[in-house]
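These protein sequence lines map, in sequence, to chains A and B.
No gaps in the numbering here: position 54 of the first sequence is 54 in the working numbering, and each next residue is one more.
No gaps in the numbering here: position 176 of the second sequence is 176 in the working numbering, and each next residue is one more.
Bear in mind the hints are in silico, worked out from the structure with no lab data behind them.
A portion of the hints provided could be inaccurate.
Stated by the list, open to error - If you want a taste of the chain A side facing chain B, the calculated C-beta under 8 Å gives, among others:
#, residue
1, S60
2, T61
3, A71
4, F101
Glycine included, C-beta positions come from ideal geometry on N, C-alpha and C.
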Amino acid sequence: MAVRHLEVEVRREPKGAVLDLRGEINGFAQQALDAAYAEAEEGDPETILLNFEEVDYINSTGIALIVGLLARARASKRSLSAYGLSDHYVEIFNITRLSDFVSVFPDEKSALSEAKPA
Amino acid sequence: MTEASPPPEEKGEKQQPRDAAYWAKRVERLEVSAVPDGAANVNVQGRREVGALQGFGQLWQKTYRVRLTGVETTPEETVRIWKERFPEFQPPNSRFYPSMAGVAPGEVLFISASVGGMPVHTGVRVIYADDESFTVMTPEGHPESGWNTFSAYTDEDGTTVAQIQSLARANDPIYEIGFRIVGATEQERLWTHVLKSLSAHFGVNEPVTLEKACVDPKVQWSEMKNLWHNAGARSMLYTMAGPGRWMRGLMRRRST
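Based on the provided sequences and hints, a complete structural model is requested.
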């Protein structure tokens, strides 16, 4: 099966920045994730949302990359949330205990409604 | 012990992502059904797993690499051998005891190590394993809270590179002090030894490189409570109680 390298688009919403993730989150995703996160931080949003609706593969290296984003968010006192995770990836967040620190929402509307205004 | 997630797609069921078969199932607490010969199930049964976010100390990412120069091996073959011979590649003061199923999603590997001359019995669980990598996660009480990923890949010039990446923090304040004084260096020696052993298996003697970055410099005071599970302290008590256990066993055998 062909590898779908990660593509990330950054959107700005009134209550935070959204990273629309598309493809696979593995070791090759680091550059794309880091660059997108840095772009999202430019507006100094209180909340950054990760949109997983179009993500179809996450391995353990990919989870480590998400932990790296979370550490950056916590260092700058930002909240990092996720939405659009399939049941399988919610389970992976539970296995790795990422869910202890990243709030997971079913959709963008509910995620943004919990976010504080920028 | 747990099983791997079921293979993707049974007829009529929603299709699972491609990675589903590689992840272990979630467990609330580690359950051990069989303890390998020589292993001590002192700090494994009933422990919760802890990741890079749950521990006490600074969060470090350390990446160790060795190039298998001049060897015709693929990343898949390298990782297959690594999984099969994982205990053999450890240094003498850090013994790993895999289950019969070996390195597979959901399996527990017991560890008996000697840290500064003190015994530490603990373990790790394989949370992810595919053809080119596997990841272990630590339980409560382990010196570290986090993951180690063992993998191989082909670099730009076609050489297979074996890599260990740890993303972890000390589990409690005692371990944090230990890591800052001497533990971090000991740990770096350990993983360097593992990569040296793996490369020696292929007849290669290349240097091991290490990149490290402090991902989160803060300690998490809310995790002070992890001291309760400290595997070093509990292993010491277990070792001190050894003669008592031996006596009780002897008396039991005589009475039957």
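Against the structure, the hints come out as follows:
1. For A:S60, the shortest C-beta to C-beta distance to chain B is roughly 4 Å, which falls under 8 Å, so the interface hint holds.
2. Hint on A:T61 holds. Least Cβ distance to chain B is approximately 6 Å, under the 8 Å limit.
3. For the restraint placing A:A71 at the interface with chain B, the shortest Cβ-Cβ distance is roughly 4 Å, inside the 8 Å limit, so the hint holds.
4. Hint on A:F101 holds. Least Cβ distance to chain B is approximately 5 Å, under the 8 Å limit.
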